[in-house]
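Chemist: If you number the sequence shown the way the UniProt record's numbering does, the last residue is 1077 and the count never jumps.
It is possible that some hints are incorrect.
Computed list of lysine-lysine pairs in DSBU-like fashion (alpha-carbon distance at most 30 Å, straight line) [as the list claims (entries may be wrong)]:
#, residue 1, residue 2
1, 757, 297
2, 921, 987
3, 789, 922
4, 715, 680
5, 1052, 341
6, 843, 921
What follows is a set of in silico ranges between Cβ atoms, one per label pair, in the way DEER data are often shown [what the hints assert, rightly or not]:
#, residue 1, residue 2, range
7, 779, 736, 45 to 51 Å
8, 772, 822, 27 to 33 Å
9, 482, 756, 51 to 57 Å
10, 772, 538, 31 to 37 Å
11, 498, 754, 44 to 50 Å
12, 715, 739, 41 to 47 Å
It is worth saying that the hints were derived from the structure and are not from the lab.
Beta carbons are placed, not taken as given, at the ideal position from N, Cα and C, and that holds for glycine.
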Amino acid sequence: MASTATENDHVLAESAEKNDEHLKETEEIDGRKQKKRRRRRKRGKKHGSEGDFVVKSEERTTGEETSTVRNKSPSTKNSDLSSVEKHEKENPLQAEQNSAADAKQKTDTERLSTIATKEKLKGGPPQSEASAPDKQTSHNNKHSPNKSDVTNTPNNSSKHKQSCHSEHIPSTPDTHETADRNTPKHHGRQYRGRIPRHGQDYQGTPPNQTSKQSSHHRQNTPGDDDKQNSPTRRSNHEGPQTPVTEEAGHHREGGHSSKKKKHKKKMIFEEYWSKEKVSAALKRGEVHKGNLRISAKNYEMAWVSLREFKRDITILGMVPRNRALDGDVVALEILPKENWKIMHDEMKYHEDLVEDTGEKLTNLHLTSEEENNGNGEKSGSTLPGSPKSPGEKRKIDVNEVPEQYLQRTAKVVYIIEKKHPRIACGYLRPMKDPNDPDGLFSPTDCQLPRFRIAHSDCPPGFFNRPQDFATTLMIVRLTEWHREAPLDSCLAKGVFARSLGEAGEIEPETDSILLINDIDSSPFSQEVLDCLPKDLPWKIPQEELESRRDFRDVCVFSIDPATARDLDDALHCTKLDDGTFELGVHIADVSFFVKENTALDEVASSRATSTYMVQKVIPMLPRLLCEELCSLNPNEDRLTFSVVWKMDGNGVIQDEWMGKGIIRSRVKLSYEHAQDMIDKPEKVWGEKEHPPLASGATITDIVQRVRDLHQIAAKLRQQRFDNGTLRLDKAKISFDLNGETGLPHGWHPYVQRESNKLIEEYMLLANMAVARRIYEAFPDRAMLRCHPKPDARQLEEVSALCSSLGINFSHASSKGIQETLNTFPPNSPEHLVLSHLCMKPMKAAKYFCAAAAEGDPEEFLHYALSVPLYTHFTSPIRRYPDVIVHRLLAACLEVEPSPEFASEDLDVIAGRCNDKKLAAKKAGEASTELYLGAFVRECGPLTEDGIVVHVMHESVDVLVREFGIIKRVYFKFCDEVKSFDFQEGHKTRPAEVLITWKGPHDKRKTDEEQDADRKKGSHKGEKTSSKEDSHHHQHRRTDTLKIFTRVRVLLKTESDKTKNKGGLKFSGELLQNSGKE
């Protein structure tokens, strides 16, 4: 027995000596890489607590690299081996040494196995067998930073614990048997974790990846906004990947026992604070209140705008968002400064500015840490443009970064108000785990999480034939989202509501838009309809005829879109004997029919606005009111709220009157009719060229009144712009629909004519006049509308960008911005792009109660109009705030009693109206994009002109000006792009990208291949030899793309029209005739 142990010790000592020599030679060949691997392994070491253990995986020692084999998928193994083989090709000497070492190690292993077998036959274990491997492993640990993943139980001796930290010897049947006889049972357990099937995603952290690399810990590095916004993740319409805790990562790496898997649960999210604690913290300023905004392109990013901070507060990942959804009012706790985000791109761009202020970036404390490309470390971030050497990276200490380049981060501690409807539209499929009986719901909106749908809640027949439901749009309601979840999952729980129909069809897609925006499109209840007049045709009561001013003898007419049916405004213009004009704006008196605190009033308050889709309107009020009793139709007596001015030809107001009236409109003009009257004053109108006239009106009289209104409106408009009005127009389109199919077969741009501006001018004038009147009468209850000042920091960024382009951008006031825009022709690339850039810093206009502003003039200001007071009065048929304003105006004119609501009630109404107006805006834009996708699918692909508005690392944002849309185009999905080289922008030069186009001999992909690449999120170019590539290079063309560059864009949907899971979304590709400035 002693001789056997001596022989064993001799073998192990000889093997250790050879390995030591081999490692020294490896370090001499590539010392820098070897040190880098040691540091990385040391950081990734798993520490087990007493009483616990993490099962060690088999490891393969190949040359200089020790890699985990059992825990990796086959593709990862091949990748590791290929990298070793490549290294060995580049280093023949090392390859020879590796081969010799492998042969020696194999011989040593065989000898150990023979010794163990002999001892086993003799009976009784060798006394030094357990200690022999310890000598070898302890020697090897001097050179290998990857210590053991095995931790012993507390009852083992400290000496035995140390022996377990060893390099693993490649196992043979003999060594396994020996280990089983001489070590505790759990030390020899093999990894039994479930390896995902081919093409299957991990629910948790993959075994060969540390838990810090889970998605919710990923930090933004330069270019991440471009990479994370890539359509890779959204190609299959899946919601955000579920976060995984560090414990979850250990659990999956550690493996499972042979018994049935138990779903241990872990507290993923923090517990919400109590209402009392939140209230007290808000008063002390320890937490902050705001509306959560989740990025529509990067689900990990969310922001909250707070008045006290110049820059938005950011929330990184799902875990700190703590189950809050887009639009929710949340309570935030600001994280410590070391967790704040460094704005690298801004620092790089304004590097010269930092030097001017004495805070040079080069003087910042930099640490030569390894770059941890997005694994969640918080100790600084890599500076853009820093040298990317393999051994050293520059890091910035967050405490020494100027505060203007830091963005505060926070976490949600409480949801004050759940404004999101908790409804999702998407697709249902079985769980990937065949043992999981439930369904997995993936929303089309990436701002939402994925849902677990209980087996009993899934549609009948779903689990028998799930493929039949693959392209069916479904509605699911979120019911629960607990703090705790299985370690490999953090899915919200939902219940199936109903199926909408086949994805890609107009009506199911429209229904989904309305549902996810929480727009009530249901029929009005009988209780609501009972509030309407019963005796039809309705006639104006005699008491109203006696108490109102009668305008029925005045030539009143309306100018509206040709298809409009809810006519809520009309005008009159009469020239007086003294040369002045009497000008009147008449608005439908909706408040006469919608009485306060009735069922009709409640539903109007709930809907708050009409929603305009491409093919239909979702009205705020029943159609009997919208299209008949309230609509100012020609030759019908209608009740109005009127504002009448006496003014001269220059628009100077001499007198003003407000009150209730009665009108009878003479004619309904379209904008096209009014424009012809303005442009062609001498035109002789035929009877069929204009709409029917009523009450003895003549076309000549109507033409003259329209021209007088136009001339005065032009003067008023000039006065507004002289006072600082800012106008940022966005292109709009209208579709021509097929009467049978309802699909678009054509489109035309929406043109802003002089006739549109005429109506706009008088509506603005009436709104401003009414705002002054109701605020004077009710300074604490007036319903007003303000437009806050834009984000100053973002305006400065636009100004800096313009400076790098040689454009003098004045952003001190709205007037300065408008003057900058006026230096370029209206449809020029510069004007269109600058208008788009200026929209980003602008904040949304909002309704508010005057009491909430506390008398601060800044809170009342309407920035774009440059007026101190403003409200909405002119569209009560489609906007509920206008109904409130009508009631307030009637009370201050003493024709109606004062409304019953208090200022607190009005503040709640204003908030709801803001939410509904935003939802209606989103729904309308989504409807336009839906029909545009249908048009591209039916009539495309389309080739359109575009203008570059933003350049990023892997993509550009292109303004397709005919459609008024911004399309993000990824270079890797452009079949005509051979390669691209991004150049960072700085203070004196904007960012740009050099595009190399494919030549005539380069291979192009079919539509099916491109679709497959887009779904996988990859784009593999063709493989060519270096000779072939250099030969074709002379036939390739290059272009430089930067802001204002004109490009050609190909708009198209998937080539296979039967695969509608993508709905009607379309993508864009750059074409080769791009690059002209």
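Chemist: Would you mind marking each hint as holding or not holding in the structure?
Modeler: Hint check results:
1. Taking the CA atoms of residue 757 and residue 297, the gap is about 36 Å. The hint is violated against a cut of 30 Å.
2. For the proposed pair residue 921 and residue 987, the alpha carbon gap of about 36 Å is over 30 Å, so the pair is violated.
3. A distance of roughly 22 Å separates the Cα atoms of residue 789 and residue 922; the hinted pair therefore holds under the 30 Å criterion.
4. About 20 Å separates the Cα atoms of residue 715 and residue 680, which keeps this hinted pair within 30 Å; it holds.
5. Between residue 1052 and residue 341, the direct Cα distance comes to roughly 37 Å. Violation of the 30 Å bound is thereby established for this hinted pair.
6. Straight-line distance between C-alpha atoms of residue 843 and residue 921 comes to about 15 Å, which keeps the hinted pair within the 30 Å bound.
7. In this structure the hint that residue 779 and residue 736 lie 45 to 51 Å apart at CB holds, the actual value being about 50 Å.
8. Our hint of 27 to 33 Å for residue 772 and residue 822 holds, since their Cβ atoms are close to 29 Å apart.
9. Against the hinted window of 51 to 57 Å, the Cβ-Cβ separation of residue 482 and residue 756 comes to about 53 Å, which satisfies the hint.
10. Between residue 772 and residue 538, the C-beta spacing of about 34 Å keeps the proposed range 31 to 37 Å intact.
11. Evaluation of the 44 to 50 Å hint for residue 498 and residue 754 yields a pass: the beta carbon distance comes to about 48 Å.
12. Range check, residue 715 to residue 739: Cβ separation about 44 Å, and the 41 to 47 Å hint holds.
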